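Enquirer: Each protein sequence line maps, in turn, to chains A and B. In case it helps, my numbering puts the first sequence at residues 61 to 350. In case it helps, my numbering puts the second sequence at residues 29 to 505.
Be aware that one or more of the hints could be misleading.
[Stated by the list, open to error] Quick list of in silico lysine to aspartate or glutamate cross-link-like pairs, DMTMM-like style, CA-CA up to 25 Å:
1. LYS215(B) / GLU85(A)
2. LYS350(B) / ASP288(B)
3. LYS175(B) / GLU153(B)
4. LYS276(B) / ASP258(B)
5. LYS42(B) / GLU85(A)
6. LYS350(B) / ASP391(B)
7. LYS42(B) / ASP304(B)
8. LYS215(B) / GLU333(A)
9. LYS182(B) / GLU153(B)
10. LYS332(B) / ASP291(B)
11. LYS42(B) / GLU84(A)
12. LYS182(B) / ASP203(B)
Please keep in mind that the hints were generated in silico from the structure rather than gathered at the bench. Values in this document were obtained by computation on a predicted structure and should not be read as measured data.
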Amino acid sequence: MTEHRSHQDDQDVGTTGHSWDGIEELNNPLPRWWLYTLYVCIIWGIGYTIAYPAWPLISAATPGLLGFSTRQDVADEIARFETTNGQIAQRLAMADLADIPADPGLNSYATARGAAVFRTNCSQCHGAGAAGVQAAGYPNLLDDDWLWGGDLAAIHQTITHGIRSDADDDTRWSQMPVFGEILEPEQIDQVVMYVRTISGQSHDAGPAAAGAVIFAENCAACHGETGMGERALGAPNLTDAIWLYGGSVDRLRETVTYARAGMMPNWSPRLSETDIRAVATYVHQLGGGE
Amino acid sequence: MTTAPDTPPSLYAKREPVFPRRVSGSFRTLKWVLMAVTLGIYYITPWLRWDRGDLLPDQAVLLDLANRRFFFFMIEIWPHEFYFVAGLLIMAGLGLFLFTSALGRVWCGYACPQTVWTDLFILVERWIEGDRNARVKLWNQGWSLHKARLRLTKWLVWLLIGLATGGAWVFYFTDAPTLLADLLELKAHTVAYVTMAVLTLTTFFFGGFAREQICIYACPWPRIQAAMMDEETLTVAYRDWRGEPRGKHRKADAAHELGDCIDCNACVNVCPMGIDIRDGQQLACITCALCIDACDDVMDKLGKPRGLIGYLALSDEGMERKGQPPRAIWRHVLRPRTLLYTGLWGGVGVALVVALFLRLPIDMTVAPVRNPTFVLLSDGAVRNIYDVRLRNMQGSIRTFALSLKSDSDLRLSLEGTDTLTVQVPADETLLQRVYVTAPAGSAAAHATRTELRLWVQDAAGTDRVSSDTFFNGAPQN
């Protein structure tokens with residue numbers, strides 16, 4: 061059998077001399093086209109390093125004859141999207157703010173663009189999920205509590221001009237007095253108890269009753285007689301469950317004694333009107349929009 | 029085995045040209061039929077139409093990469109149903125196991141595109157340059173006007189076949205009539221032209237020049253399939269116990285006891301792989317069975333029985349040498365191994381068909397927003413946010429209604445609407461922000477985890493699916 065089963069050529073080529081478990085390796089020649097393919101690949105490889113950025117030098121790589129650059133690729137891609145989206149971006153910049161959510165095409169474009177703007181510019185303080193930082197003065201944008209108003213126009217205004225931003229004359233501005241210089245510590249404790257009362261938290265009735273009087277004299281001007289706050293002044297509602305700087309006795313005492321003045325930059329020169337409208341639309345649809 | 033010769037042989041070998049001779053017979057006829065069927069399926073399929081309404085494409089078989097849909101007659105596959113493709117690939121794998129264990133490299137010999145297109149190219153070659161002897165003669169000739177004319181004609185026809193191959197390929201990915209018009213008006217996408225050019229050239233070189241080199245050097249299947257064959261597998265084999273010693277049967281040889289093989293080389297001359305089947309089973313043999321036709325023809329002329337070369341299993345050899353008849357073909361094909369493969373293949377197939385008929389044209393995935401896990405509202409209520417993807421797998425716009433089921437007091441609301449219904453465009457996925465709120469002071473508002481189930485159903489109420497998820501309460505301080 062063996063003499064028939066082994067190809068005649070096997071006799072010509074012999075074996076490589078490798079033998080393992082009685083299996084011998086024939087020394088068959090490689091096809092010549094395979095060798096030429098290898099040469100073509102080598103030439104292609106050399107040509108590639110000449111045509112494209114390849115060899116590392118001290119400060120940069122060789123630029124390549126074709127002038128290819130990944131940065132340019134990104135720039136081209138962005139330019140392509142800006143051209144493609146030019147019309148709808150223009151429409152977003154010109155549209156009546158209140159009409160945006162009702163226009164499905166405009167709304168989905170604004171939301172998607174706004175999400176990107178938010179992640180780049182806003183998430184540093186408000187968090188990637190827009191939940192702010194609890195009790196640390198970075199507002200949660202997902203809830204239904206707004207210091208300066210939560211409709212699209214109010215959000216747009218806040219983003220454009222910022223809050224207590226020195227660089228913008230039209231910024232939203234208010235200042236809570238430092239009551240540590242006005243009231244006695246005991247009085248502050250009393251007013252804190254009163255605030256705990258109106259927000260439905262545990263409290264001592266005695267000091268709270270005294271605090272009511274102090275509240276009416278010192279706090280009601282901004283926070284309102286019932287403590288419901290005043291959006292025109294950015295004065296928070298003290299009767300709800302949400303506390304920007306914490307609702308515990310210690311945190312409230314700190315707030316009353318030293319006052320709070322959160323700051324948000326004005327974004328109007330940094331972001332385009334289109335981007336501001338986009339991010340306002342995005343924030344408005346996060347769950348708390350009015 | 030011999031040891032290495034004194035002068036080391038060349039490390040690289042030139043391709044020996046193969047000039048397969050024309051042959052006729054039952055296997056050749058079968059191969060013509062299979063070629064017509066496979067090429068017919070390949071070229072005609074993209075032109076079949078299938079009405080799916082105004083909003084969906086009407087191409088029967090369409091791989092819509094841009095919209096991530098696969099259309100196959102009445103079936104539409106979405107990306108999330110990719111398991112159908114996985115199932116088909118498993119079936120293809122099991123099918124290969126089945127056919128290889130029963131019939132050896134039958135795929136290589138009859139159905140592989142490399143084989144089919146090479147066969148077609150050889151047919152063209154024969155029409156233009158003549159049969160084997162004429163082609164050998166032409167090959168050995170120097171260049172002349174006559175040779176150049178024949179060569180150029182042949183290459184042109186090959187290129188046209190290649191162009192048609194690449195051309196048909198791109199039709200599977202977009203609407204064929206539109207693309208054809210675009211292609212002719214030179215305004216189709218560059219990708220279409222590049223794909224066609226690449227496939228034209230690969231078809232031209234693989235079918236015209238590389239041929240058996242692809243099977244021997246480039247293709248992994250010969251190695252893999254060899255591992256799936258056993259002693260019961262039917263392969264094309266030479267009955268050397270009947271044929272040897274071979275000889276020309278001249279009068280002078282009559283004294284010797286010669287076998288049936290007259291060493292006419294008919295089997296070698298018709299072989300598209302350029303091998304000698306009488307050397308036994310070998311890597312280069314694609315079992316196309318053309319040598320069977322060639323040898324049977326010769327045996328008929330000699331008045332000897334057919335089957336000097338034939339489909340044979342290794343286990344038959346011993347029986348035949350003892351003078352017993354080989355086992356029946358069906359006993360080689362029907363055995364536990366092949367039945368097991370058939371069973372598995374059928375099982376996967378049935379499971380896919382059942383899955384296909386059980387699926388609903390509505391689907392929902394619910395992804396709870398984890399940043400943050402909950403939102404405290406000003407009245408003390410606690411809200412969770414869910415990103416809900418609603419799929420309308422029908423060719424018409426539909427209204428979906430969402431509802432919530434839970435043992436706890438949880439309320440459902442949707443972003444952007446006061447209702448609990450949304451319109452999902454035809455054949456699209458809609459991302460809807462969904463809110464679930466636990467009222468202030470309720471158990472769920474402060475429980476770590478509360479189970480809930482979201483339901484979605486279409487307006488008619490016929491299709492409904494649910495998804496289970498959790499509600500996270502706010503920890504009480």
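Enquirer: None of the hints should be skipped; say for each whether it holds.
Expert: Hint check results:
Taking the CA atoms of LYS215(B) and GLU85(A), the gap is near 55 Å; set against the 25 Å cutoff, the hint is violated. In summary, the hint linking LYS350(B) to ASP288(B) is supported, as the alpha carbons are separated by about 17 Å, within the 25 Å threshold. Of the pairs offered as hints, the one joining LYS175(B) and GLU153(B) holds, with about 13 Å between alpha carbons and a cut-off of 25 Å not exceeded. With a C-alpha separation of about 35 Å, the suggested pairing of LYS276(B) with ASP258(B) is violated against the 25 Å cut-off.
For the hint pairing LYS42(B) with GLU85(A), the CA-to-CA distance comes to about 21 Å; that is within 25 Å, so the pair holds. A hinted pair counts as satisfied when its Cα atoms are at most 25 Å apart, and LYS350(B) with ASP391(B) does not qualify at roughly 66 Å. Taken as a hint, the LYS42(B) and ASP304(B) pair is honoured in the structure, with Cα atoms around 19 Å apart against an allowance of 25 Å. A threshold of 25 Å between alpha carbons decides the hint, and for LYS215(B) with GLU333(A) the separation of about 38 Å lies outside it, so the pair is violated.
This hinted pair checks out: LYS182(B) and GLU153(B) have alpha carbons roughly 6 Å apart, not beyond 25 Å. The suggested pairing of LYS332(B) with ASP291(B) holds, with an alpha-carbon distance near 14 Å, which does not exceed 25 Å. A hinted pair counts as satisfied when its Cα atoms are at most 25 Å apart, and LYS42(B) with GLU84(A) qualifies at roughly 24 Å. A distance of roughly 32 Å separates the Cα atoms of LYS182(B) and ASP203(B); the hinted pair therefore is violated under the 25 Å criterion.
Going down the numbered hints, you'll see the structure goes against 1, 4, 6, 8 and 12, while the others check out.
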